[in-house]
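Engineer: Residue-level listing of the chains:
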Amino acid sequence: MNSSHMLQVENLSKYFGGVKAVNSVSFDLAEGELLGIIGPNGSGKTTVVNCITGFVKPDSGKILYLNQNITRWAPYKIINLGIARTFQMVRPFYQLPAFKNIIIPLYSPRVKRLAGGKYGDRDAVALDLLEEVGFERDSFVSYKVASALPQGYLKRLELAKGIALRPDLLILDELFSGLSLAEVASIVPIIEKLRFQGKTILMIEHRLKELFRIADRVIVLNFGEKIADGLPKEVLDSEEVKKAYLGSEEG
Amino acid sequence: MMKKRKERIDRGIKARSEDIFALSSLREMIYLLIPRAIPVLGLLVVSPFLSAYWQEVFISTAIYALLAISWDLLASCGLVSLGQSLFYGIGSYIAGALNYYLGWSPLFTIPVATIGGGVLCTIFLLPVLRLRGIYFAMVTLVLPLMFLRLVEATRILGGTEGLTGLDSFPTQLTALYVIQLALLAALFGFRRIMGSDYGLIIMGINDNDRSVMNAGINIFWYKTQVLFLASAVGSFAGAFGTHMDMFAGMPGFALDYSIMPVAAAVVGGMGTFAGPMVGSFILVPLSEILRALGALRIVFYGLFLVVFIVALPEGLFHYIQRKYHQFERWVEVEK
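For the protein sequence lines, the chains are R and G, in the order given.
As numbered in this note's numbering, residues 13 to 263 make up the first sequence, in order.
As numbered in this note's numbering, residues -6 to 328 make up the second sequence, in order.
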């Protein structure tokens, strides 16, 4: 066990009824790494993330974060340790203006602690964060009610909510899905900037082309089992991965 | 063919947000002050001039208004309560017992019942706090009925007779002012809370609780705090009502105290605290006026409720607020 490992997942299993959503999956994540998780639909990617962040309790296996066992912890405890995630299906607070959405993570114990007790003007910090993820400052889009925002902005809002928590490990669950090529191209630099700031990133992605360009390493899940783990190029050439994707719409 | 639609435009105030106003003229200050001054002056100045009978109606209205405000606070956190009488009954019995057995004056029993009732009700409801919607509602509905039968069967706290001959307030005017100040404190206090960042969390829990969890916030703890605030306000109403009636007994757990706050919130408009208060100030006096109709009272009362809810589903307060803050005009749109 290497101490530079930020996250270690050991023999993680989760069953829904008789279905093995995740079956004895193990992987680890080094500090500063960008790891991609790919796999056909229903291969258990999101369930793995749900287990790591505590939204789903795994049936067996262990999850270590910075050598601390966080298996089956409540989500808010895990998140306050420094793990933040985005949801595949965006979960904004629809009744609130976009920047007010960011206030809620800014209110978390973690951010309060990192900011040294009392927080100043949360509104200003929230507007800065939104600008960081591409809400144009002078267009008033940050003040719009979330229910009036188009999908592209909702995805950015989801990302901003994650960044607002000042995480060390950021988990992005299909951040690119439902976005146009141009929108993806504008979000990629944001992710690269986060890496430059030293954040460790775990990305679930269906958009392989974009992912392979930025990922250090990729693991592949199929029917809840890990079938490949390596550099993007190695994974792509693996026979088993080809077989898994063949027949599914990913081709 | 030309069709018309209503266009709504916000009135030109420089900046209007939940709690910060940037005002540039006296006119704007008056514009913002009037809606806040009317309830305060209306209550404090008008009420002493009412007849003794209507003062009593007024006090009982204010008690219902407190329960309705407490209901609205729970609802803004996604907790639908059908058991406001739990809060009322617990508060009423704590104050009653302290006065009856220990001889404490209302000056002490009411604060103790407020805090104690808040703590007790929070503990009772803690196990079901993770439930939402109808499940939470069912439990709140059942609990007061359980306490009712508990008192009846075990004959504790006076059993079916209740605790009688309790101390009242020195004068009716004292009672009138105590309840009004409490009502205004709850109204403006809760509005203030909901306008702050803390209130955003509460609204967020109602809107999307998983997203609040995902923001590293312990929603169970926040719901507990809201539950405590709401039960404390309800228990205060109960403690106050008990000293007013000089009686603590099984009627404290009656269904009236559960249903009226919900009706008031629906008629007045949910989520504003002012709405449920307005609703109470319509429904409770109306029920008194309708007493003249004798047996048909409930029929007309029900009819009024139905007509009101169908005609103004958003609630009276939301309607007035919209008219006050926005211009409306008909504009022609092309079909």
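Incorrect hints may appear among the rest.
As the list claims (entries may be wrong) - Beta-carbon label-pair distances, calculated as ranges: (1) Arg125(R) to Pro278(G): 46 to 56 Å; (2) Asp249(G) to Gly30(R): 49 to 59 Å; (3) Arg125(R) to Glu0(G): 40 to 50 Å; (4) Val157(R) to Leu43(G): 41 to 51 Å; (5) Val105(G) to Pro121(R): 28 to 38 Å; (6) Val157(R) to Ile302(G): 39 to 49 Å; (7) Tyr170(G) to Ala136(R): 41 to 51 Å; (8) Ile291(G) to Ala136(R): 50 to 60 Å.
Claimed, not checked - The list that follows gives simulated cross-link-like pairs (lysine to any residue, SDA-like), each with its CA atoms no further than 25 Å apart: (9) Lys(-1)(G) to Gln218(G); (10) Lys156(R) to Arg(-2)(G); (11) Lys156(R) to Ile186(G); (12) Lys156(R) to Gly71(G); (13) Lys124(R) to Lys(-1)(G); (14) Lys156(R) to Arg123(G); (15) Lys245(R) to Gln107(R); (16) Lys69(R) to Arg123(G); (17) Lys245(R) to Leu223(R); (18) Lys124(R) to Met196(G); (19) Lys69(R) to Leu122(G); (20) Lys156(R) to Leu191(R); (21) Lys316(G) to Met22(G); (22) Lys69(R) to Leu119(G); (23) Lys89(R) to Arg203(G); (24) Lys221(R) to Met101(R); (25) Lys(-1)(G) to Gln107(R); (26) Lys(-1)(G) to Glu325(G).
Hints are computed from structural coordinates only; laboratory data are not their basis.
For glycine and all other residues, C-beta sits at the position ideal for the given N, C-alpha and C.
Engineer: All hints, please: hold or fail.
Structural biologist: Hints and how they fare:
no., hint, verdict
1, Arg125(R) to Pro278(G): 46 to 56 Å, "holds (52 Å)"
2, Asp249(G) to Gly30(R): 49 to 59 Å, "holds (51 Å)"
3, Arg125(R) to Glu0(G): 40 to 50 Å, "holds (48 Å)"
4, Val157(R) to Leu43(G): 41 to 51 Å, "holds (43 Å)"
5, Val105(G) to Pro121(R): 28 to 38 Å, "holds (32 Å)"
6, Val157(R) to Ile302(G): 39 to 49 Å, "violated (26 Å)"
7, Tyr170(G) to Ala136(R): 41 to 51 Å, "holds (42 Å)"
8, Ile291(G) to Ala136(R): 50 to 60 Å, "holds (55 Å)"
9, Lys(-1)(G) to Gln218(G), "violated (42 Å)"
10, Lys156(R) to Arg(-2)(G), "holds (23 Å)"
11, Lys156(R) to Ile186(G), "holds (23 Å)"
12, Lys156(R) to Gly71(G), "holds (24 Å)"
13, Lys124(R) to Lys(-1)(G), "violated (45 Å)"
14, Lys156(R) to Arg123(G), "violated (31 Å)"
15, Lys245(R) to Gln107(R), "violated (44 Å)"
16, Lys69(R) to Arg123(G), "holds (17 Å)"
17, Lys245(R) to Leu223(R), "holds (12 Å)"
18, Lys124(R) to Met196(G), "holds (20 Å)"
19, Lys69(R) to Leu122(G), "holds (20 Å)"
20, Lys156(R) to Leu191(R), "holds (20 Å)"
21, Lys316(G) to Met22(G), "holds (18 Å)"
22, Lys69(R) to Leu119(G), "holds (22 Å)"
23, Lys89(R) to Arg203(G), "holds (14 Å)"
24, Lys221(R) to Met101(R), "holds (21 Å)"
25, Lys(-1)(G) to Gln107(R), "holds (23 Å)"
26, Lys(-1)(G) to Glu325(G), "holds (9 Å)"
Violation of the numbered hints given earlier is confined to hints 6, 9, 13, 14, 15; the remaining hints are satisfied by the structure.
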